[in-house]
Amino acid sequence: MALQQDRSLRSMVDIESGLVSREVYVNDEIFRQEQEQIFMRAWLFVGHESMVPNPGDFAASRMGAEEVIMVRDRKNKVHVFLNTCRHRGMKVCRYDRGNALVFTCPFHAWTYDTEGKLVGMGHQKQAYGPDFDKAEWPLHEVAQLRNYYGSIWATWDPKAPSFEEYLGPIAPSVRHCFQSSDGEDNGLEVFMPIMRWRIPTNWKFPAFSFAGDGTHGAMTHLSVNAAAVGPQGTRGGGERHLLRAEFPRKSHEIVATEYGHGGHLAIYGATGVPPYRDTWDTVPGADDYYRAQREKKAAKVGEHYMTPGGHGGGHFNIFPNVTLDSWRILHWHPIAPGVTESWRLFQVDKNAPKEVKDGVRHYAMRYCEPMGCTESDDMENWNYAYPASKGAVAQTLDYPFLQAMGQAAPNERYPGFVSVGHTYAEENQRARLRRWLEFMEASSWDDLFPVNK
Amino acid sequence: MGTKLLLKDQSIVEIIGNPGDGGWVQVRYLETQADDAAVGDEEWVFYPDVQDFAQEM
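Read top to bottom, the protein sequences are chains C and V.
Mapping of the first sequence onto this note's numbering: position 271 corresponds to residue 271, and the numbering continues sequentially without gaps.
So the number in this note's numbering is just where the residue sits in the second sequence, counting from 1, plus 1000.
Hint data in this document are derived by calculation from the structure and do not stem from the laboratory.
Note that the Cβ used here is the ideal one computed from N, Cα and C, for glycine as well.
Among the clues, some could well be false.
Stated by the list, open to error - Derived DSSO-like pairs: lysine-lysine, alpha-carbon spacing no greater than 30 Å straight-line:
(1) V:Lys1008 to C:Lys125
(2) C:Lys296 to C:Lys350
(3) C:Lys77 to C:Lys350
(4) V:Lys1004 to C:Lys134
(5) C:Lys77 to C:Lys354
(6) C:Lys117 to V:Lys1008
(7) V:Lys1004 to C:Lys75
(8) C:Lys354 to C:Lys300
(9) C:Lys77 to C:Lys91
(10) V:Lys1004 to C:Lys125
(11) C:Lys75 to C:Lys134
(12) C:Lys354 to C:Lys296
(13) V:Lys1004 to C:Lys117
(14) C:Lys296 to C:Lys357
(15) V:Lys1008 to C:Lys134
To be verified - Not everything, but these chain C residues come out facing chain V in the computed CB check (under 7 Å):
(16) Val102
(17) Thr104
(18) Ala109
(19) Thr111
(20) Val119
(21) Gly120
(22) Gly122
Unchecked claim - Some chain V residues flagged as far from chain C (calculated, every beta-carbon gap over 10 Å):
(23) Arg1028
(24) Tyr1029
(25) Gly1040
Chain C extracted, bound-state conformation:
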């Protein structure tokens, strides 16, 4: 499907009026352009260092529509490589994770070590002679990689700003998400294997709306709310949502930044750390563990405000395609215009006792994933909205992003945030779409950073 010749992208994304053409979500040519304009430039989440704890460990991941391998080399350095042989393009790794001395292409035996160096090819002497320089043919590696408190991020663009600059004012919230429950930096590990499944929708449906679509919950999650285990879980005092109950002195606000990041963040209305409230009655020892952790965190926070972000039920997006909170990472990979691969990485305190880790893992399995309590609800909407928006007539219509237009104001406590004061707003989605348009129109990072030139 060709992009309509008489319509520019700018005419399709009218942030001032809050109207966005459905074509942005269903057009094949726009999807192709997104891979070049966004996913080849932006900093992307790749994984967590705990997925590759030992030298030689590797884990498959994706950057946009392309597969990558995250590898810890024999010298303990983490790399991210495109999963394609430099000879004829075959995947050099067809496993999801493991430990390897080398990655051997099964086609012509081009073989790479864990630093990505080409160390051998089949029949090298006869086929290539003595002057062939293997050093010129390594695995293709990302231009920049950042281990940010245990989380691994990368970009293909050598001219992209540093990762901290890319995050802008939301950087402390990202750091906070990777702290253990006692407030220690890089205090988490990720359960393996991760959850993965494909959904028949465009990646922007979940990635742009997940953290900040407050009006969907009451209807979409109606049935699970009735069981008092859903995101709104307040029925009859039967609050069983383990994390939502943790920090009562807070509000949830829609927060947006000019960087395209933002979402539905927990903003704390008082300093310090609230008293712990038991929520783990089915997991012996868990409340004792988390209560002790809370006391340690209270000592660190003191009389400061907790960092706004993903604790206490908040979650937020880092542009373009990952959602973070304190216990899960939701990674939305574009596969095709109407195919998204949905990944879930669940974090837990790396020093927690086994029974606590098991309890968190079981909770994650009940609550999330395709067979869990809530994500199946969300998927129904995204999966049907895509085909219902793709028809020739349907594409002529716009999506309205009108909630809380004009209500956002600079947050006085957190410079760089604009906030709305409640969750029934699409300010963060408008911010993400504005940034999307900037990426799609930019010729280089010179047009994208500093933001809002």
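Starting from the known structure of chain C, arrange chain V on it as the hints suggest.
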């Protein structure tokens, strides 16, 4: 590890790494007359370049 191999270019090498893929072993050269290798070099060797196990000396 440590198994000695005779390569087709008559070099003697010992295995120092084996990815277990059936195709490659990482070796250290113990004896060689080859132009592109020296004693002590560490290299990866593809199975068609191996002639046999080396005889114990």
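These are the hints, each one checked on the structure:
no., hint, verdict
1, V:Lys1008 to C:Lys125, "holds (12 Å)"
2, C:Lys296 to C:Lys350, "holds (16 Å)"
3, C:Lys77 to C:Lys350, "holds (20 Å)"
4, V:Lys1004 to C:Lys134, "holds (26 Å)"
5, C:Lys77 to C:Lys354, "holds (28 Å)"
6, C:Lys117 to V:Lys1008, "holds (25 Å)"
7, V:Lys1004 to C:Lys75, "holds (26 Å)"
8, C:Lys354 to C:Lys300, "holds (25 Å)"
9, C:Lys77 to C:Lys91, "holds (22 Å)"
10, V:Lys1004 to C:Lys125, "holds (22 Å)"
11, C:Lys75 to C:Lys134, "holds (21 Å)"
12, C:Lys354 to C:Lys296, "holds (20 Å)"
13, V:Lys1004 to C:Lys117, "holds (25 Å)"
14, C:Lys296 to C:Lys357, "holds (19 Å)"
15, V:Lys1008 to C:Lys134, "holds (22 Å)"
16, Val102, "holds (5 Å)"
17, Thr104, "holds (5 Å)"
18, Ala109, "holds (6 Å)"
19, Thr111, "holds (6 Å)"
20, Val119, "holds (4 Å)"
21, Gly120, "holds (4 Å)"
22, Gly122, "holds (5 Å)"
23, Arg1028, "holds (14 Å)"
24, Tyr1029, "holds (14 Å)"
25, Gly1040, "holds (17 Å)"
Going through the hint list in order, the structure satisfies each hint without exception.
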